[in-house]
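Student: Listed below are the residues making up each chain.
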Amino acid sequence: MSRPTLFALQVLVAVVCIVLWQVLSTVPVFGKILLPPFFFSNPLDVFSQIVKWFASGVIWKHLGITLAESILAFVIGSLGGVLVGFWFARQPIVAAVFDPYVKMVNALPRVVLAPIFALWLGLGIWSKVALGVTLVFFIVFFNVYQGVKEVSRTVLDNGRMLGMSERQLMQHVYWPSALSWMFSSLHTSVGFAVVGAVVGEYLGSAAGLGYLIQQAEGVFDVAGVFAGMFVLSAFVILIDYGVTLVERRLLVWRPTASDGRG
Amino acid sequence: MTTPTAVALEDAKVAFRLGDGRVYTAVEKAHLAVAQGEFVAIVGPTGCGKSTLLNVAAGLLKPAAGSVRIFDQPLAGLNRDAGYLFQADALFPWKTALDNVAIGLEIKGTPRAEALPRAQKWLTSVGLGAFAGRYPHMLSGGQRKRVALAQVLIRDPKILLMDEPFGPLDAQTRQVMGNLLLDLWSADRKAVLFVTHDLEEAIALADRVVIMSAGPSSRIIGDWKVTLPRPRDIFEVRLDKEFHALHREIWSVLKDEVMKGYAQSTHAAEAV
Chain A
1 MSRPTLFALQ
11 VLVAVVCIVL
21 WQVLSTVPVF
31 GKILLPPFFF
41 SNPLDVFSQI
51 VKWFASGVIW
61 KHLGITLAES
71 ILAFVIGSLG
81 GVLVGFWFAR
91 QPIVAAVFDP
101 YVKMVNALPR
111 VVLAPIFALW
121 LGLGIWSKVA
131 LGVTLVFFIV
141 FFNVYQGVKE
151 VSRTVLDNGR
161 MLGMSERQLM
171 QHVYWPSALS
181 WMFSSLHTSV
191 GFAVVGAVVG
201 EYLGSAAGLG
211 YLIQQAEGVF
221 DVAGVFAGMF
231 VLSAFVILID
241 YGVTLVERRL
251 LVWRPTASDG
261 RG
Chain B
1 MTTPTAVALE
11 DAKVAFRLGD
21 GRVYTAVEKA
31 HLAVAQGEFV
41 AIVGPTGCGK
51 STLLNVAAGL
61 LKPAAGSVRI
71 FDQPLAGLNR
81 DAGYLFQADA
91 LFPWKTALDN
101 VAIGLEIKGT
111 PRAEALPRAQ
121 KWLTSVGLGA
131 FAGRYPHMLS
141 GGQRKRVALA
151 QVLIRDPKIL
161 LMDEPFGPLD
171 AQTRQVMGNL
181 LLDLWSADRK
191 AVLFVTHDLE
201 EAIALADRVV
211 IMSAGPSSRI
221 IGDWKVTLPR
231 PRDIFEVRLD
241 KEFHALHREI
251 WSVLKDEVMK
261 GYAQSTHAAE
271 AV
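So the sequence lines, in the order shown, correspond to chains A and B. Here the working numbering is used: position 4 in the first sequence is 4, and no number is missing along the way. Here the working numbering is used: position 128 in the second sequence is 128, and no number is missing along the way.
Honestly, the hints are just simulated from the structure, not real lab data. Hints may contain errors.
Chain A is faced by these chain B residues, among others (derived, beta-carbon under 8 Å) [said to hold, decoys possible]: (1) A58; (2) G104; (3) K108; (4) P111; (5) L199.
30 Å max Cα-Cα, derived BS3-like pairs, lysine-lysine [claimed, not checked]: (6) A:K149 to B:K95; (7) B:K121 to A:K149; (8) A:K61 to A:K103.
Even glycine gets a Cβ: it sits at the ideal position worked out from N, Cα and C.
Just need the whole structure built from these sequences, with the hints factored in.
Tutor: Printed below as a string of structure tokens:
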């Protein structure tokens, strides 16, 4: 399928959904409106709400806060994940001792930590950052741990035979291998940083996209809830696109699936 | 003989502890000396422990008994005089061809600005001057082997250890690589220990061909001098009468071992 056709079809799906939504929520079918506006609002109201946010500029403050929380959660979680992942992979005894606890904490649904973080860190951005960190940390940690442990035996031996010291092996073999694993999970971990931020905001805050949605819900403003969801989706797609660009630059050395091996 | 011995394995025995606690003896009492500037090929059936022996010479494995001497010094730890060419892909996939070659120098502390032009020169001499910016996955199997060869040779090791380096390549590429290896080697005759399962390749390349028996507990069971004149061309040397005579003679010994090794491996498979 050619790119323009594909794009046209993709747009078509959105148009059909929005038109159906608009029609079913405004035009009665057999004397009955199938999507009552109180529960489903309608696309025009949602759109005008989004326009109002952007026109008045209120949205930028909320977007900025959510973005800041996501970035902080991602950076801190990744740093911690890389450090601990490296440490565990190089010290099997430490890894063995902590293994059940790591599994236990990772099995915990992170949402239940939100009240604790709110209690410890207040309702500002840091309680949201903390929630995001607990999500990002484990993804990065597991990937780096795998990456360091699954360095090819031959590549490692080759490094040794070329005369690399432990430090040089770290720099030229373990580190790039771990990074490649970490970057392969970049989309997931960035996504989770945003999830952490928004869920945290939703559960208690004074600003951010999650706060916006929660406020609208509190006054049964369904149009506001949907508007918040759409802005959030667009926000995540933009971030994801940014991640793709970064990934393309950093992982040029990796074969893509279609490359094959010659 | 006055030429010093580069690698000497003295009654080296290699054993592994298996998962169930039994001890598996891969190689028994291997006695082998490689003189400086000599090209020795080790040939044996699959699973006879020839790669194991090479790893002992490299210091990657410690012999269970016996000793390894490198230039008359007992080997402790890794063999710092040796360059090792692996059978599997051993290039750093995250480095370009040029960086893969340059790393050999950078490790020794050569500044990057000086290492890069020298690496470029080595890439050119293995015929890949135009591929410096490619990553390993963008190169063919033969090209990757060339980069690996340059990566090892740029460090100018006194001993070259090669573990079926051309094993994964197709027949034609193998011959081209063999000629390339002989060209590079003849420039400054290093001691070479070359492991292969291909007898023809061994005779065509080496000064001496050593035959190992089928494992486990394999031993060195034969040692032939190859007196074919150098410089050799791998394509042509195979047509030589002396080549044929030698091939027939060694094969008569090797054949039994190959059959034994084959019987054992099928037997082992049935036992499992």
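Student: Now tell me if each hint is right for this structure.
Tutor: Results of checking the hints against the structure:
no., hint, verdict
1, A58, "6 Å, holds"
2, G104, "5 Å, holds"
3, K108, "7 Å, holds"
4, P111, "15 Å, violated"
5, L199, "25 Å, violated"
6, A:K149 to B:K95, "20 Å, holds"
7, B:K121 to A:K149, "35 Å, violated"
8, A:K61 to A:K103, "37 Å, violated"
Going through the hint list in order, the structure does not satisfy hints 4, 5, 7, 8.
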